[in-house]
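Dock chain B against the given chain A, drawing on the hints supplied.
Number of protein chains: 2
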Amino acid sequence: MEPEVVKEVSDLKISNGEEDIVDPWNVTSTSQEGVDYDKLIKRFGSSKVDQELLDRFEKVTGKPMHHLLKRGIFFSHRDVHSILNIVEQGKSFYIYTGRGPSSDSMHVGHLVPFIFTKWLQDVFDVPLVIQLTDDEKFLWKDLTVEEVLKLARENTKDIIACGFDVNKTFIFSNLTYMGRCPNFYQNVVRIEKCVTFNQVKGIFGFGDSDVIGKISFPAFQAAPSFSTTFPFIFGDTRVPCLIPCAIDQDPYFRMTRDVAPRLGYPKPALLHSTFIPALQGAHTKMSGSDSNTAIFLTDTPKQIKTKVNKYAFSGGQASIEEHRKLGGNTKVDTSYQYLRFFMEDEDRLEEIKKSYESGEMLTGELKKILIDVLTPIITEHQQRRQKVTEDLVDEFMSLRPLKFKHSPNLS
Amino acid sequence: MEPEVVKEVSDLKISNGEEDIVDPWNVTSTSQEGVDYDKLIKRFGSSKVDQELLDRFEKVTGKPMHHLLKRGIFFSHRDVHSILNIVEQGKSFYIYTGRGPSSDSMHVGHLVPFIFTKWLQDVFDVPLVIQLTDDEKFLWKDLTVEEVLKLARENTKDIIACGFDVNKTFIFSNLTYMGRCPNFYQNVVRIEKCVTFNQVKGIFGFGDSDVIGKISFPAFQAAPSFSTTFPFIFGDTRVPCLIPCAIDQDPYFRMTRDVAPRLGYPKPALLHSTFIPALQGAHTKMSGSDSNTAIFLTDTPKQIKTKVNKYAFSGGQASIEEHRKLGGNTKVDTSYQYLRFFMEDEDRLEEIKKSYESGEMLTGELKKILIDVLTPIITEHQQRRQKVTEDLVDEFMSLRPLKFKHSPNLS
Numbered sequence: 162m163e164p165e166v167v168k169e170v171s172d173l174k175i176s177n178g179e180e181d182i183v184d185p186w187n188v189t190s191t192s193q194e195g196v197d198y199d200k201l202i203k204r205f206g207s208s209k210v211d212q213e214l215l216d217r218f219e220k221v222t223g224k225p226m227h228h229l230l231k232r233g234i235f236f237s238h239r240d241v242h243s244i245l246n247i248v249e250q251g252k253s254f255y256i257y258t259g260r261g262p263s264s265d266s267m268h269v270g271h272l273v274p275f276i277f278t279k280w281l282q283d284v285f286d287v288p289l290v291i292q293l294t295d296d297e298k299f300l301w302k303d304l305t306v307e308e309v310l311k312l313a314r315e316n317t318k319d320i321i322a323c324g325f326d327v328n329k330t331f332i333f334s335n336l337t338y339m340g341r342c343p344n345f346y347q348n349v350v351r352i353e354k355c356v357t358f359n360q361v362k363g364i365f366g367f368g369d370s371d372v373i374g375k376i377s378f379p380a381f382q383a384a385p386s387f388s389t390t391f392p393f394i395f396g397d398t399r400v401p402c403l404i405p406c407a408i409d410q411d412p413y414f415r416m417t418r419d420v421a422p423r424l425g426y427p428k429p430a431l432l433h434s435t436f437i438p439a440l441q442g443a444h445t446k447m448s449g450s451d452s453n454t455a456i457f458l459t460d461t462p463k464q465i466k467t468k469v470n471k472y473a474f475s476g477g478q479a480s481i482e483e484h485r486k487l488g489g490n491t492k493v494d495t496s497y498q499y500l501r502f503f504m505e506d507e508d509r510l511e512e513i514k515k516s517y518e519s520g521e522m523l524t525g526e527l528k529k530i531l532i533d534v535l536t537p538i539i540t541e542h543q544q545r546r547q548k549v550t551e552d553l554v555d556e557f558m559s560l561r562p563l564k565f566k567h568s569p570n571l572s
Numbered sequence: 162m163e164p165e166v167v168k169e170v171s172d173l174k175i176s177n178g179e180e181d182i183v184d185p186w187n188v189t190s191t192s193q194e195g196v197d198y199d200k201l202i203k204r205f206g207s208s209k210v211d212q213e214l215l216d217r218f219e220k221v222t223g224k225p226m227h228h229l230l231k232r233g234i235f236f237s238h239r240d241v242h243s244i245l246n247i248v249e250q251g252k253s254f255y256i257y258t259g260r261g262p263s264s265d266s267m268h269v270g271h272l273v274p275f276i277f278t279k280w281l282q283d284v285f286d287v288p289l290v291i292q293l294t295d296d297e298k299f300l301w302k303d304l305t306v307e308e309v310l311k312l313a314r315e316n317t318k319d320i321i322a323c324g325f326d327v328n329k330t331f332i333f334s335n336l337t338y339m340g341r342c343p344n345f346y347q348n349v350v351r352i353e354k355c356v357t358f359n360q361v362k363g364i365f366g367f368g369d370s371d372v373i374g375k376i377s378f379p380a381f382q383a384a385p386s387f388s389t390t391f392p393f394i395f396g397d398t399r400v401p402c403l404i405p406c407a408i409d410q411d412p413y414f415r416m417t418r419d420v421a422p423r424l425g426y427p428k429p430a431l432l433h434s435t436f437i438p439a440l441q442g443a444h445t446k447m448s449g450s451d452s453n454t455a456i457f458l459t460d461t462p463k464q465i466k467t468k469v470n471k472y473a474f475s476g477g478q479a480s481i482e483e484h485r486k487l488g489g490n491t492k493v494d495t496s497y498q499y500l501r502f503f504m505e506d507e508d509r510l511e512e513i514k515k516s517y518e519s520g521e522m523l524t525g526e527l528k529k530i531l532i533d534v535l536t537p538i539i540t541e542h543q544q545r546r547q548k549v550t551e552d553l554v555d556e557f558m559s560l561r562p563l564k565f566k567h568s569p570n571l572s
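In order, the protein sequences belong to chains A and B. Residue numbering for the first sequence is 162 to 572, as defined by the working numbering. Residue numbering for the second sequence is 162 to 572, as defined by the working numbering.
Hints are computed from structural coordinates only; laboratory data are not their basis. Incorrect hints may appear among the rest.
Copies of the same chain look alike in the list, so a pair counts if it works inside one copy or between any two.
[What the hints assert, rightly or not] List of simulated lysine-lysine pairs, DSBU-like, C-alpha gap at most 30 Å:
{"id": "1", "residue 1": "Lys428", "residue 2": "Lys311"}
{"id": "2", "residue 1": "Lys471", "residue 2": "Lys515"}
{"id": "3", "residue 1": "Lys492", "residue 2": "Lys200"}
{"id": "4", "residue 1": "Lys564", "residue 2": "Lys279"}
{"id": "5", "residue 1": "Lys463", "residue 2": "Lys514"}
{"id": "6", "residue 1": "Lys463", "residue 2": "Lys492"}
{"id": "7", "residue 1": "Lys311", "residue 2": "Lys279"}
{"id": "8", "residue 1": "Lys209", "residue 2": "Lys220"}
{"id": "9", "residue 1": "Lys302", "residue 2": "Lys362"}
{"id": "10", "residue 1": "Lys514", "residue 2": "Lys220"}
{"id": "11", "residue 1": "Lys220", "residue 2": "Lys203"}
Just chain A, same shape as in the assembly (with noise of 0.2 Å):
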C-alpha cells in the first residue's frame, strides 16, 4: 500500500557516515536518544505506523491493541495495510520471524519480537515459522557448525518458553531444516539466480574480501518470506507473508520484496521494531555480547536488581533538589525506556512518565519500579523455560502439517 520507494539498487544501500548506523550487524548512534526513527523511516523507504493502521488493525481484530503497536516500538512498515485486506476477505496469511544464535543466553531485548509475535498469531490464528540463522551465526563468528547448532536449539528453548502454540509453530534451524527438506535449497537457488554481487554489496555493504558465505546468506534469510519453502504447511500455494522484525533486518527483505514478482510471490509484508537500548543508554542496542549491556533470561532477581540499579542510564538531574526542581528526562532514561517494552498497564506508564518528568518521583524509585516488572517476567520465562523438554523441541522442529483456522486459500 505504500509508495515503493525503494527501487534502484542505489536506494537500498545503507547510509553511514554522520548519520546513525543501522543494518543487520551494527546498530550506532551519536544521539543520547538513540537511533532518529523517522529519519530511518525515510532512509529505508518504509511507511510509518500511524493512526489510520492502529485503528484498522483494532477493527480487523476485533481485539485491544498491543502496547507494543500503541506505543510505537512497532513503528515502521512496509504492506502491513494489505494484509490486513487478505484477513477481510476472510483469506489466511503466515507469520515468519527469526533468531540469530549467537549466545547461549537470550536477553530481555530479544523476547520483544516474539512477545509481539506470539500476539500477532493469537489475534490472526495464523501458522508462524521462526528461522534460527545458525549458518549466519557460524558464519559471521568464531564458532563451530557444532556450537550454532547447540545454540540454536538453545535458543529455540527460550522462544517455546514464550508461550507459541506447537500446533500452529514451525521452528526451524538453517543448518539441520536445509537437510531435511529440498524445497529450502530449491526456493534459496531461485532467489540466488536473481540477486548480483553488486546488489548485495549496495544493500549490505559486503567486499571482496568478505567470504562466498556471507555472500550468498541473504538467500538463506529471504526463502522462508515464500510459502513453498515449508510443502507439509502450505503445500505448493503462494500463501502472502508478515514479517515482524527488528528494522535491522529490514535490508533483508527489500531484497526480498524486490525478488519476489519476479518469482511469481506476493512481497512479504513487514513490521518493524525499534531496538531496546543498552543498559548504558540509547547510542547502542542491548547486546549479548556484552554481558553488562543486558539482561539475560538467565539472570537472578538479584542480579537484575545489580544490573539496573547499577547499569541503568539515568535521565535524572545530578542532585535530589535539581531533580525536583527540573524532573527526568524520560527519553533518555533507559529505565523507562525499559518499562514502554514491558509494563504492559498504560494508564500506570503515564502516571510514572509525569511523575518523573515533572521531579516527583526519583532515578531510584524509577528503577525499583523496572526491577518489580521485569524480575516477574524473567523468573516466570525461566520456569517456562524448564518445562521445556527435549521431547517438545523436537515437536516444533518437526516437518507436520499446522492447524489454523483461516485456511480457504489452502489446498
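Below, chain B without anything else, positioned relative to chain A:
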C-alpha cells in the same frame, strides 16, 4: 606428491589472452591440434601422468592399464601417488566424479570419464559418489528448477547404463540431496567460510555483476570431496578422495585442495582428462548444445554414419593422389582422435595410425572404422539404458551404506 605449485590466489587465475581458454564454462584453442596440454599442466601446476606413475598403477592394481590412461587421455594428475600409497597400506579411499545435467541427451564425450571411473571402481573396489550439479545448470542456464531436476534424473539413467555397481555407487543431484542430509549444507558452509569473493574472482573469473548463486556454487562442487558429506557411507571418518574429471574442472578442486587442510581433511587427489574434440575439429570440445558437433547417446546408427561422414574433420589430403603421397595427419583427424578414446585394441589402433599416416588408408576408410566402433558402443548403451527402471534410479540415489572390500579404516 607433486610440488604444490599453486599456493597463491594469483597462481590460481585462469589465463586468457592469446593462450588456450580452459575453464569450467569455455574450452577453445586457436590451434588445429587443440589445447596444448603440456602448457596447461605448467599453467595449472599439476603433474604429468608419466611412465613411472603408469608402472606404479599397474603394479599396485595388478591389472592391465586402461587405454584411456595409457594413451594419455587422462594425462595430468595431482597427488595420485598418495592414493596408491594408501592402497598399498591396505587402506581405502573413495572416488568422486560428476556431471552438469544441461541437456537431455548426453554425447559420447560424456561417456569418457564414466568409462574410466567404472574401471577405477572395478580395479580398486572402492565406493563411488557421482554428483549431478543441477543447481549449477539452473544458475548458469535459462532453465527452471523443474527442468534441471528432470535432466538430472534422465542423465542418471545414462550414467547407470555405463554399468556401475549399485552396491558401491551413490548418485545424487544437488537440488535433491541437499534436502535429504544436513551434512551436505554443513560442509558447504564450512568451505564457504574459508573462501573469499576475491579468491573465486581470481580462480573462476566471477565479476560484480554475477549472481550470488554462481559466486557460492564452487563450495557445492567442493563439498563431496570431503567424506563426511556422506555420513551413511563413511560415518565421520575422513576418507581420502580421488577425483577423475576433465581438466576444465580443475579450478574447483584447486580451491578445494587449498581449503582441505584448514578443515582437517586430506586434499583430494585428481586425474585429469583431455577433451574430446568437436566433430569439426579440436578448436573446441564436443558440445551437447550444438547437435552438429556431437554424437549423442540417442543417435541412430544412420545418424552416427551421416554425422561422421559429413562433419568429422579430416586430416587427409585434398586429393587421393596427394594423400597416397603425403599421408594423413592423425593429430588433427577427428576420426582418428575418436578412435584413441573408443578403440580398445592397441595393436589395431597402431596399425591404423601407420596406415593412415603412410597414405595407404583413406579418410573414407578411417571414417568407416570409426562408425563401426561407435555404432555398437552407442546401440549397446541404448539397450542398457532402456533396462534402467525408475526403481533402479531410486536405488542408486537412495541414502544407504555401500559395500566394498577395502574398508579397514572405516568405522
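Against the structure, the hints:
Taking identical chains as interchangeable, the C-alpha atoms of Lys428 and Lys311 lie at most 30 Å apart only when they sit on different chains, with a minimum of 29 Å there against 33 Å within one chain. In this homomeric assembly, Lys471 and Lys515 come within 30 Å of each other (Cα to Cα) only inside a single copy, at 24 Å, whereas the closest approach across copies is 95 Å. In the homo-oligomer, the alpha carbons of Lys492 and Lys200 lie at most 30 Å apart inside one protomer (17 Å), although the nearest pairing across protomers, at 71 Å, exceeds that limit. Proximity of Lys564 to Lys279 under the C-alpha cut-off of 30 Å is restricted to the intra-copy arrangement: shortest distance 15 Å within a copy versus 50 Å between copies.
With identical chains, the CA atoms of Lys463 and Lys514 are at most 30 Å apart within one copy only, with a shortest distance of 26 Å there and 91 Å across copies. Taking identical chains as interchangeable, the C-alpha atoms of Lys463 and Lys492 lie at most 30 Å apart only when both belong to the same chain, with a minimum of 27 Å there against 86 Å between chains. In this homomeric assembly, Lys311 and Lys279 come within 30 Å of each other (Cα to Cα) only inside a single copy, at 24 Å, whereas the closest approach across copies is 41 Å. With identical chains, the CA atoms of Lys209 and Lys220 are at most 30 Å apart within one copy only, with a shortest distance of 19 Å there and 77 Å across copies.
Within a single copy, Lys302 and Lys362 get their C-alpha atoms as close as 20 Å, and across copies as close as 24 Å, so both meet the 30 Å cut-off. Proximity of Lys514 and Lys220 under a CA criterion of 30 Å is satisfied intra-copy only: 29 Å inside one chain copy versus 89 Å between copies. Taking CA atoms no more than 30 Å apart as the test, Lys220 paired with Lys203 passes inside one copy only; the shortest distance there is 28 Å, against 74 Å between copies.
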